[in-house]
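Protein chains in written order, with the working numbering: chain Y, 118 to 608; chain H, 28 to 507.
All clues stand as given, with none of them false.
Computed footprint of chain H on chain Y, listed as stretches where at least three residues anywhere in the stretch have a Cβ under 8 Å from a Cβ of chain H: (1) 163–173; (2) 184–196; (3) 327–333.
Calculated from the structure, these hints are not laboratory results.
Where a beta carbon is used, it is the ideal one built from N, C-alpha and C, also for glycine.
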Amino acid sequence: MDQDRKAYRLVRLLTGGVTPVVLAAALLVFARLHDGAWEPGAQTAGICRELIAGTTEGRQALFGSCWVAPLPVLFYLPFAWLLPEPCAGWSAFFVAWLFVFWAVREAVKAAGHSGWRIVLAQSAIAGMMAVSRQPQALQIATALTAGLMLLAAAAVADWAAYRRLRDVVTAGASGAFLMLCGFPVFGPAGLAVMLLPFAACGDRETRVRFQAWLLLGGLPLVYTVGVWLLLNRLILGDAFFFLRSLGYLVPNPSLFLASVFAPGLLLAPALIVTWMCDARADKPGSGPVAATALLVSFACVLSACAKVLGFFGLGWNTVTLNVCALAVLMIALARLRQPLYRLALSLGLFVWLSASWFGGQVQPPAATAAPGKICGEVEAYVNARTPYGRVFVLGYAGMDLLRGYAGERLMPNMDLHVGSLRRAYKGQNLYVLVPRPAGTVRAESVFWKHPDIYAGGAERLLYAEEFGEWHLFEVVSAPTQEQLDEWKKAK
Amino acid sequence: MSDVTEQQGASQRTAASADPLELSRRRPDWSASQPLTRTQKIVMVSLAAALAAAFVVWPLKTAQGLIAVCTLFYVVMTLYKFVVIRASLSPSAILKFSASEIAAQEPRAWPLFSLLVPMYKEPETVKQMVASLAAMDYPADKKDVQILLEADDSVTLAAARALTMPPGFRVTEIPESFPRTKPKACNIGLHLATGEYLVIYDAEDLPEKDQLKKAVMAFEASPANVACVQSRLNYYNPRQNVLTRWFTAEYSAWFDLQLPGLAALGAVIPLGGTSNHFKTRILQELMGWDAYNVTEDCDLGVRLGRAGYTTRMLETTTWEEACSVFQFWIKQRTRWQKGYIQTWFVHMRQPLKLVKELGFVNFLHYQLLIGGVTFSVLVNPVFWAMALVWFVFRPEGAAQMFPGPVFAAGAVCLFLGNFVFIYINLLGCCKRKNDSLMWWALLTPVYWMMMSYSGWRAVIQFFRDPFVWEKTQHGLVKKG
Chain Y
118 MDQDRKAYRL VRLLTGGVTP VVLAAALLVF ARLHDGAWEP GAQTAGICRE
168 LIAGTTEGRQ ALFGSCWVAP LPVLFYLPFA WLLPEPCAGW SAFFVAWLFV
218 FWAVREAVKA AGHSGWRIVL AQSAIAGMMA VSRQPQALQI ATALTAGLML
268 LAAAAVADWA AYRRLRDVVT AGASGAFLML CGFPVFGPAG LAVMLLPFAA
318 CGDRETRVRF QAWLLLGGLP LVYTVGVWLL LNRLILGDAF FFLRSLGYLV
368 PNPSLFLASV FAPGLLLAPA LIVTWMCDAR ADKPGSGPVA ATALLVSFAC
418 VLSACAKVLG FFGLGWNTVT LNVCALAVLM IALARLRQPL YRLALSLGLF
468 VWLSASWFGG QVQPPAATAA PGKICGEVEA YVNARTPYGR VFVLGYAGMD
518 LLRGYAGERL MPNMDLHVGS LRRAYKGQNL YVLVPRPAGT VRAESVFWKH
568 PDIYAGGAER LLYAEEFGEW HLFEVVSAPT QEQLDEWKKA K
Chain H
28 MSDVTEQQGA SQRTAASADP LELSRRRPDW SASQPLTRTQ KIVMVSLAAA
78 LAAAFVVWPL KTAQGLIAVC TLFYVVMTLY KFVVIRASLS PSAILKFSAS
128 EIAAQEPRAW PLFSLLVPMY KEPETVKQMV ASLAAMDYPA DKKDVQILLE
178 ADDSVTLAAA RALTMPPGFR VTEIPESFPR TKPKACNIGL HLATGEYLVI
228 YDAEDLPEKD QLKKAVMAFE ASPANVACVQ SRLNYYNPRQ NVLTRWFTAE
278 YSAWFDLQLP GLAALGAVIP LGGTSNHFKT RILQELMGWD AYNVTEDCDL
328 GVRLGRAGYT TRMLETTTWE EACSVFQFWI KQRTRWQKGY IQTWFVHMRQ
378 PLKLVKELGF VNFLHYQLLI GGVTFSVLVN PVFWAMALVW FVFRPEGAAQ
428 MFPGPVFAAG AVCLFLGNFV FIYINLLGCC KRKNDSLMWW ALLTPVYWMM
478 MSYSGWRAVI QFFRDPFVWE KTQHGLVKKG
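So here's chain Y without its partners, still in its complex pose (with noise of 0.2 Å):
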């Protein structure tokens, strides 16, 4: 008995603490060697720091667009706040990455495994993103995300499999989380809380109590998209200011949404297989077959949502969604009964196979010039005509750019209101500095709001100057009176 709680210890500290840990600081070592890939992202730390500043610009950003996940700024929000930038960075992208561990840990432990098994599939994940280098793929959004998709799919896996209460509970919250980390996994975690109910089916006894799995499932879920449109309301005074931009990226919305959720057709025969393994077993709860069939079918959805993104020409973030699909596909392979040796041999090859596949779809980064510079540049622009000026970086790529920035007269703006800044700058010269419209910066509000604001300004916006990427408009206005008297003694 004593011998039992020492392996049990053990096996705990190996897989929860040691593997982990270990794993976790490699790969920190990795992504700072290579490409900086431990930092957060930099509007993740952008928008830190503004919420740190309390300045209604970070508020918005937290909340105001469905493409920059809120879950990952929150999440280094304490970091930014406790630790200088650097080991801030540093600090949650080894804590992100621990996460990740123990979500593996626990999706492999619900089958009953042994230690070895959980320490192999940590070390294959971890291998996966050594061997692939994709910089997106290490950075804390991805590692929040994978961790969490992780824990949906075994949980709805293990709920299928062994009809545990816990397995509602851990699904439905992932599923909650998940709509928190972007539009990109909005789909899939839609879908894990949605099975749920439907898992349940084979079985009467369980069948019964539809309506409970749903609530259970479905209620986190339901209530955190609640609160987004609620705080969207409040900061931005449009409960769907977060969701806009779709009608602008999309000709079509509502074709996109359904297309957004066709790839959980491919649950389907999953699904058959789970009730046929029902109507088998004496209990409710299908053992481990439609577990597996689960787990495959979920990596395969995964793949299909970054199809479908691509193919509407929102393919911005698919490595997210990509990273997700291969850790779910690697832990159903753990979970399956197989000699040790055999598991470590599959796993290896697995990764060797998916960081060929991966390796493949990575893009060198397009040079752009250092955001310090452009601040540089505009404010002596600006200054050069007014001592007076006061210059608007626009959206998500302006909290970016404005990283770095110590300076006054640059402020981020994420909701572009020019009536709104003329009154509450009356006097002074205001400028709108907007980014270029390619890539995830077309998702900026700006854009929606005014399409051609980038190409030809907008009313009472007046082309100044390109700053790089940038284009800087001038605010057109009457002078005040102080401003004429002063413009006339110059004279």
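Please build the complex by placing chain H on the supplied structure of chain Y, with the hints as guidance.
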């Protein structure tokens, strides 16, 4: 001592020879007979004065500090609930015995089991109570049932005497004395108890038939330091009205999730009012219940912890009657919350000693469970009002009181914390298979407001009438 000798000894004891106030006499530091010590009064007045002075000198900074402290408290409470609920979902959180395991015990000699049933002015429930205890699956000659009735309760005494009591049942008259509380009656019952184990039931309780056997098996399967086994409580009238629905949801979450979670974590457990099974000897060692504490069960749970004993949860249910009338519910809840306040102050008389006796982790459990729950009930209305003002009026100055990180943490508590608490009730209903109550559990915030009202009522009563026992009215289910 053998059963026979023990019984002979007990037969020589009488209610009059019992000392129901033994704890307050011998260990006044463990009793609520003195609600606040002199030191506690000085500390409280000093704190209030310091706070008032700080508000005068640095109003904004003081408000910011208080809000930050409360926000941190909410964050900790939310995380704590997460941990407890997660622990409750582990298979080891609760002791389970199947019907076949119980059957496999036979034939065997079951130990003598004392059952105490304190009653006061409840003549209508006597018959049902006797019937339900007589029907329990336990050898009749091994049951020692005492119906504890106050000497001045002529109606219930008459109803009890009119009944032909089954073997092993007896009526114990409690002599009139101050304080007139349930624990005082129980102490006399304990003095006269002859069983190796002892359990308390309320008059309207309907315990599961095999509960006593399960309790004995639980004690036998547990280490020697397990002094108490707590059964789960739930209600047999959940659908009577909206109040009983909420009450049932709350009880399901408390007894089916939170207490098992605490037991799994090895925490101090605030015992439920009934269906807690004890080793009689240990209970006598601890001098029974504190007659001055209006939640003597909660206090006893802490004292067990301080004495180095633990409590386990048992998978068996005692069905009770949920209070269905608002004013009675308020009175009952006021008593519970006042009792929690009493208990917190009693054990915080010597905080360092408490840390030493409970251990640091259990001390934290104690603070969050006994102090934290009460504190949150009292502070909630303030934060709800602030949130409402912010949503509706968006005052300019409000942002000043919430610096960046405090705002973020506060938002997380408001939106995540409150949801977690609602979700726990939902989960409790689901675990109880009370699916239709889950929709009602979504309206739990209204129930919280009622709790806050009774919480403040409890604070006022704690200072004005610390020993007043507002008795719960039973027997309303038939009228409903």
